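Participant: Sequence:
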Amino acid sequence: MSATYFNDNILTLIRTLVTGGATPELEALIAEENALRGGYSTPQTLANRDRCRVAQLALLDGPFADLGDGGCYGDLFCKALKTYNMLCFGIYRLRDAHLSTPSQCTKR
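Just so you know, we're using my numbering here: the sequence shown kicks off at 10 and counts up by one.
A portion of the hints provided could be inaccurate.
[Stated by the list, open to error] Label-pair ranges, simulated between beta-carbon atoms:
#, residue 1, residue 2, range
1, T25, G48, 30 to 40 angstroms
2, C87, Y49, 35 to 45 angstroms
3, E41, A74, 47 to 57 angstroms
4, D78, T51, 23 to 33 angstroms
5, L22, L66, 11 to 21 angstroms
6, S50, A74, 36 to 46 angstroms
7, I100, G48, 16 to 26 angstroms
8, A37, D78, 21 to 31 angstroms
9, G80, Y49, 44 to 54 angstroms
10, L22, Y82, 15 to 25 angstroms
11, C61, Y101, 34 to 44 angstroms
12, V27, G77, 19 to 29 angstroms
To be clear, the hints were calculated from the coordinates, so they are not data collected in a lab. The model shown is predicted, which means the values in this text are computed figures rather than measured ones. Built from N, CA and C at the ideal position, the CB exists for glycine as well.
Full structure from sequences and hints, please.
Facilitator: Structure follows, in structure tokens:
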């Protein structure tokens with residue numbers, strides 16, 4: 010989410026991908042302060058719930074372990090997209106806590 014500091018449209022993009030966007034009918038209901046009520050589950054409504062999700066995945070283990078140490082972002086991006094239908098927004102890197110002499114650089 011730190012990218013929203015530089016580009017405020019990133020948060021809108023992520024919210025749209027996760028929620029599927031708001032329809033004009035939903036905007037009207039929210040504007041009129043009507044309560045949203047649940048309905049019956051049908052195959053169509055259940056299919057509407059099958060949408061994008063946001064997750065943070067570890068690169069030390071799991072499907073991307075081979076790219077976690079020394080891998081290129083381009084390779085990670087392509088593997089995630091082609092193999093798992095995932096879109097990578099970025100990589101969060103931890104500081105090198107395992108080093109015996111800590112690095113003076115905090116821009117990691």
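Participant: Where does the structure disagree with the numbered hints, that is, which hint numbers, in rising order?
Facilitator: Violated: hints 1, 4, 7, 8 and 11.
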